[in-house]
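Assemble chain P onto chain S, guided by the hints.
Chains as they are written, first to last, in my numbering: chain S, 1 to 107; chain P, 108 to 225.
Any given hint might turn out to be false.
[Claimed, not checked] Now the in silico label distances, taken between C-beta atoms and shown as ranges:
1. S:G41 x P:V109: 18 to 28 Å
2. S:I106 x P:R174: 37 to 47 Å
3. P:S192 x S:V15: 46 to 56 Å
4. S:S26 x P:K151: 11 to 21 Å
5. S:S56 x P:P116: 32 to 42 Å
6. S:S77 x P:V209: 20 to 30 Å
7. P:N184 x S:I106: 33 to 43 Å
8. S:I106 x P:T176: 38 to 48 Å
9. S:V15 x P:S138: 15 to 25 Å
10. P:S170 x S:T5: 17 to 27 Å
[As the list claims (entries may be wrong)] Straight-line distance between alpha carbons at most 25 Å, and here's what the computed SDA-like set of lysine to any residue pairs gives:
11. P:K151 x S:G16
12. S:K42 x S:T69
13. S:K42 x P:T222
14. S:K107 x P:P214
15. S:K45 x P:Q108
16. S:K39 x P:P149
17. P:K151 x S:R24
18. S:K42 x P:P214
19. S:K42 x P:S162
20. P:K189 x S:D1
21. P:K151 x S:Q3
22. S:K39 x S:G57
23. S:K45 x P:S192
24. P:K189 x S:S93
25. S:K42 x P:N140
26. P:K151 x S:S60
27. P:K151 x P:G117
28. P:K151 x S:T69
29. S:K42 x P:S148
30. P:K189 x P:P214
31. S:K45 x P:G152
32. S:K42 x P:S164
33. S:K39 x S:S14
34. S:K42 x P:S173
35. P:K172 x S:P40
36. S:K42 x P:S187
37. P:K151 x S:E81
38. S:K39 x P:K172
39. S:K42 x P:G163
40. S:K45 x P:S224
Keep in mind that the hints were calculated from the coordinates and are not lab data. The beta-carbon is built from N, C-alpha and C at its ideal position, and this holds for glycine as well.
So you can see what is in the structure, the chains are spelled out below.
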Amino acid sequence: DIQMTQSPSSLSASVGDRVTITCRASHGISSWLAWYQQKPGKAPKSLIYAASSLQSGVPSRFSGSGSGTDFTLTISSLQPEDFATYYCQQYNSYPLTFGGGTKVEIK
Amino acid sequence: QVQLQESGPGLVTPSGTLSLTCAVSGDSLSSSNWCSWVRQSPGKGLEWIGKVYHSGSTNYNPSLKSRVTISVDKSKNQFSLKLTSVTAADTAVYYCAIYSTVTGFDPWGQGTLVTVSS
Chain S
1 DIQMTQSPSS LSASVGDRVT ITCRASHGIS SWLAWYQQKP GKAPKSLIYA ASSLQSGVPS
61 RFSGSGSGTD FTLTISSLQP EDFATYYCQQ YNSYPLTFGG GTKVEIK
Chain P
108 QVQLQESGPG LVTPSGTLSL TCAVSGDSLS SSNWCSWVRQ SPGKGLEWIG KVYHSGSTNY
168 NPSLKSRVTI SVDKSKNQFS LKLTSVTAAD TAVYYCAIYS TVTGFDPWGQ GTLVTVSS
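Bound-form chain S, shown alone (with noise of 0.2 Å):
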């Protein structure tokens, strides 16, 4: 199985901050990836897939980047209704692994 390991794994930021989350592979996974943010008692939304495409409706302060092993997700200028738990999650081999989750609080 791909291992995928975040970091941190916890973040507090203020509304305006720039915030940039890591994501890395066990193995190389190509441009496989996905990022999604999930609110409490809410289900996971996707935010971007093959590593940098922005879903629909995304807003554009949120950017991926990475290939191969590293990836990270940018919130160019953090708003209230970001701060969420992030996931990512690698598709390019099964079985599908998600990242284990970093939680951007209100600092």
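Structure of chain P alone, referenced to chain S:
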């Protein structure tokens, strides 16, 4: 706009079978994407369970493969999950989602909590 809705018992007894259904609206299950199940144990991360194509072809997580069956009913535009021999470790919120080999999981159902307890 595709929408998914999970349904099924919220309480299952240990050693029993967990059965859930996902109703799909806004699109036909005969399109080119897969129907999938993902679960999230309380306070934990996300675990992929498996997926089914409209043809009936399936892929399962090896960690659950011996206990899981995912099937599709095109006439009702829904798909189902069965997990046998459940234990407390199977207590989780179960999500159905549409899976694309290009874009990942999107959209998701709202999720349903299943508790395994006597």
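Each hint tested on the structure:
1. S:G41 x P:V109: 18 to 28 Å: Distance hint for G41 (chain S), V109 (chain P) holds at roughly 22 Å.
2. S:I106 x P:R174: 37 to 47 Å: 41 Å, holds
3. P:S192 x S:V15: 46 to 56 Å: 48 Å, holds
4. S:S26 x P:K151: 11 to 21 Å: This hint holds: roughly 19 Å between Cβ atoms.
5. S:S56 x P:P116: 32 to 42 Å: 35 Å, holds
6. S:S77 x P:V209: 20 to 30 Å: Once the Cβ atoms are compared, 29 Å apart, the range 20 to 30 Å for V209 (chain P) and S77 (chain S) holds.
7. P:N184 x S:I106: 33 to 43 Å: At 41 Å between Cβs, range holds.
8. S:I106 x P:T176: 38 to 48 Å: Cβ of I106 (chain S) to Cβ of T176 (chain P): about 43 Å, so the range 38 to 48 Å holds.
9. S:V15 x P:S138: 15 to 25 Å: This hint is violated: roughly 40 Å between Cβ atoms.
10. P:S170 x S:T5: 17 to 27 Å: Since S170 (chain P) and T5 (chain S) have Cβ atoms about 18 Å apart, the given range 17 to 27 Å holds.
11. P:K151 x S:G16: 29 Å, violated
12. S:K42 x S:T69: Measuring from Cα to Cα gives roughly 29 Å; hence the hint is violated.
13. S:K42 x P:T222: 18 Å, holds
14. S:K107 x P:P214: 31 Å, violated
15. S:K45 x P:Q108: 15 Å, holds
16. S:K39 x P:P149: Given pair K39 (chain S), P149 (chain P) holds - Cα atoms ~14 Å apart, limit 25 Å.
17. P:K151 x S:R24: 19 Å, holds
18. S:K42 x P:P214: 13 Å, holds
19. S:K42 x P:S162: Status violated; Cα separation ~30 Å.
20. P:K189 x S:D1: Roughly 23 Å between the alpha carbons, so the hint for K189 (chain P) and D1 (chain S) holds.
21. P:K151 x S:Q3: 16 Å, holds
22. S:K39 x S:G57: 17 Å, holds
23. S:K45 x P:S192: 31 Å, violated
24. P:K189 x S:S93: 23 Å, holds
25. S:K42 x P:N140: Distance of about 23 Å is within 25 Å: holds.
26. P:K151 x S:S60: Since the Cα atoms of K151 (chain P) and S60 (chain S) sit roughly 29 Å apart, the hinted pair is violated (cutoff 25 Å).
27. P:K151 x P:G117: 19 Å, holds
28. P:K151 x S:T69: Roughly 23 Å between the alpha carbons, so the hint for K151 (chain P) and T69 (chain S) holds.
29. S:K42 x P:S148: 14 Å, holds
30. P:K189 x P:P214: Distance ~21 Å between K189 (chain P) and P214 (chain P) Cα, so the pair holds.
31. S:K45 x P:G152: Status holds; Cα separation ~14 Å.
32. S:K42 x P:S164: 29 Å, violated
33. S:K39 x S:S14: 17 Å, holds
34. S:K42 x P:S173: 29 Å, violated
35. P:K172 x S:P40: The hint is violated at about 29 Å.
36. S:K42 x P:S187: This hinted pair holds, its Cα atoms lying about 21 Å apart.
37. P:K151 x S:E81: 22 Å, holds
38. S:K39 x P:K172: Given that 25 Å is the threshold and the Cα spacing comes to 29 Å, the pair is violated.
39. S:K42 x P:G163: This hinted pair is violated, its Cα atoms lying about 29 Å apart.
40. S:K45 x P:S224: Violated: K45 (chain S) and S224 (chain P) sit about 30 Å apart, past 25 Å.
Checked against the numbered hints above, the structure violates hints 9, 11, 12, 14, 19, 23, 26, 32, 34, 35, 38, 39 and 40; every other hint is satisfied.
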